[in-house]
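K.L.:
Sequence:
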Amino acid sequence: MSLSSSLSTAISGLNVTARRAEIVSSNIANASTPGYAVRSLEVTSQQNGGGVRAVSVTRNTDPILLAQRRSSDAEYQAASARADFHRGLAGAIGQPQDLNSLGASVVRFETALVDAASRPESPAALTEIVNEGQRLATKINTVSAQIGEARQNADTQIGLTVTRLNAAFEQVADINKEIIQMTGQGRETASLQDQRQQVIDQIAQEIPLTEVDRGRGQLALYTAGGLALLDGSNVAEFGFSPRAMITPDLSAGAGTLSQLTVNGRDVDALADRSLVGGGRLAALFEVRDEIAPAAQGQIDAVARDFIERFQSASVDPTLATGDAGLFTDSGGNFDPLLELGLAARIAFTPLADPAQGGDISLLRDGLGAAVQGPMGDATQLQRLANALTEGRATVSGGFTGASRSAAVLTSDLLSMTSVELADQETRESFAASLNQTLRTEELRNGVDTDTEMQQLLVIEQAYAANARIIETISEMLDTLTRL
Numbered sequence: 001m002s003l004s005s006s007l008s009t010a011i012s013g014l015n016v017t018a019r020r021a022e023i024v025s026s027n028i029a030n031a032s033t034p035g036y037a038v039r040s041l042e043v044t045s046q047q048n049g050g051g052v053r054a055v056s057v058t059r060n061t062d063p064i065l066l067a068q069r070r071s072s073d074a075e076y077q078a079a080s081a082r083a084d085f086h087r088g089l090a091g092a093i094g095q096p097q098d099l100n101s102l103g104a105s106v107v108r109f110e111t112a113l114v115d116a117a118s119r120p121e122s123p124a125a126l127t128e129i130v131n132e133g134q135r136l137a138t139k140i141n142t143v144s145a146q147i148g149e150a151r152q153n154a155d156t157q158i159g160l161t162v163t164r165l166n167a168a169f170e171q172v173a174d175i176n177k178e179i180i181q182m183t184g185q186g187r188e189t190a191s192l193q194d195q196r197q198q199v200i201d202q203i204a205q206e207i208p209l210t211e212v213d214r215g216r217g218q219l220a221l222y223t224a225g226g227l228a229l230l231d232g233s234n235v236a237e238f239g240f241s242p243r244a245m246i247t248p249d250l251s252a253g254a255g256t257l258s259q260l261t262v263n264g265r266d267v268d269a270l271a272d273r274s275l276v277g278g279g280r281l282a283a284l285f286e287v288r289d290e291i292a293p294a295a296q297g298q299i300d301a302v303a304r305d306f307i308e309r310f311q312s313a314s315v316d317p318t319l320a321t322g323d324a325g326l327f328t329d330s331g332g333n334f335d336p337l338l339e340l341g342l343a344a345r346i347a348f349t350p351l352a353d354p355a356q357g358g359d360i361s362l363l364r365d366g367l368g369a370a371v372q373g374p375m376g377d378a379t380q381l382q383r384l385a386n387a388l389t390e391g392r393a394t395v396s397g398g399f400t401g402a403s404r405s406a407a408v409l410t411s412d413l414l415s416m417t418s419v420e421l422a423d424q425e426t427r428e429s430f431a432a433s434l435n436q437t438l439r440t441e442e443l444r445n446g447v448d449t450d451t452e453m454q455q456l457l458v459i460e461q462a463y464a465a466n467a468r469i470i471e472t473i474s475e476m477l478d479t480l481t482r483l
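For the sequence shown, my numbering begins at 1 and goes up steadily by one.
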């Protein structure tokens, strides 16, 4: 080998070694950077003249592990969305020992009725019935409001998610184009691939997806259900129209709430084999269209039970047909055909509330009494107390037909809610554990700073060796020129 060839070989080795040092330094510097994949330099021997040359920078990733982690991301986000709803509902209902719980409100109302029946002449005892009855109605209103807010929030979040997804699809398409251009120019694209992976990770939390390698650094994206999100120049466009205010009577089935559209066509997010099922987006639709309406039906059934317990001539003989009892539908009589949303409208009768022009003595004499009766007569108050504690069938809300007192009904509501919450939190916990395990495995496959530091030592030795060769050749050439 001639001196010039040896010099060329040493210089090529020096250049490759310097490039390797740059890559290893980058790996170490980005050890904690989310989405960063370990780089390595691919080299090959030069065909003419010997030496070595850099071919490309390779991102070292595990596509199988990445796909598993993304699937886990979607499952965890979906489980969290469902569990969040049930946590909010259980919190609104409250535990029996909580002073502001629904169960405690029923107990206080029952206590007020029993106390007034024992001293019917006491204005304070009668006033306490009004106060506790209003608090009970307000508590039912609060539970209904919590359900409505959760449903509204789900609808709003769907709209925001659709906007983010459309932007993410376009961003991945743009990065694909940049990678093609930079590859054609012989430039490194690893950083762009890192950026693209992070964007796809965000998409995968909302919709389980599959990557398809189209070559030349290009990726196509399909949902687990087979819907094309991005393939070449074809980019899916999601559509959704959030409502400014959602009331219990609105539903997607009736066409009063927006469905998801893809490229202008309706897509059912809750179908058994939905094209977009499995992630947070589908779970938000589930909360809005299934879970929250079911919970609304249960609390509406409770409200109906309280109204119908006292809306009977057998409980209050002074009531005429069509008159409301102690609890009302926005101050009026309850129509069973209008049960939907009743929990938001239930109110204590204004007839016995002095603040609304009513008379507390009507609690003792009967709401329809034309004249005041004996102050010591507790007959009507005892009927009211008995009506609250007697067993009666619950005819709606998914409750079984067993007879229940008001206290047992609210206890059953809490029990059903707690069981569902426990189930959803178990699912959430399992999904979180699996997700964390997969993320830990990803980190294990990430930058190992100890290994990278060892490589730096090897690179340093190689650099010194190539530099020594160049120095030796230079000395030999100097000697030749002096001859």
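Bear in mind the hints are in silico, worked out from the structure with no lab data behind them.
All of these numbers come straight from a predicted model, not from anything done at the bench.
Heads up, some of the hints might be wrong.
Just the calculated beta-carbon pair ranges, DEER-fashion [as the list claims (entries may be wrong)]:
id, residue 1, residue 2, range
1, THR318, ARG243, 40 to 48 angstroms
2, PRO34, ARG243, 32 to 40 angstroms
3, ARG243, GLY401, 53 to 61 angstroms
All C-beta atoms, glycine included, are put in the ideal place defined by N, C-alpha and C.
K.L.:
Look at each hint and say if it fits the structure.
P.N.:
Checked hints:
Separated by about 44 angstroms at the C-beta atoms, THR318 and ARG243 satisfy the suggested range of 40 to 48 angstroms. One distance hint, 32 to 40 angstroms for the beta-carbon pair PRO34 and ARG243, holds here, with the actual separation near 35 angstroms. Our hint of 53 to 61 angstroms for ARG243 and GLY401 is violated, since their Cβ atoms are close to 35 angstroms apart.
Going through the hint list in order, the structure does not satisfy hint 3, though it satisfies all others.
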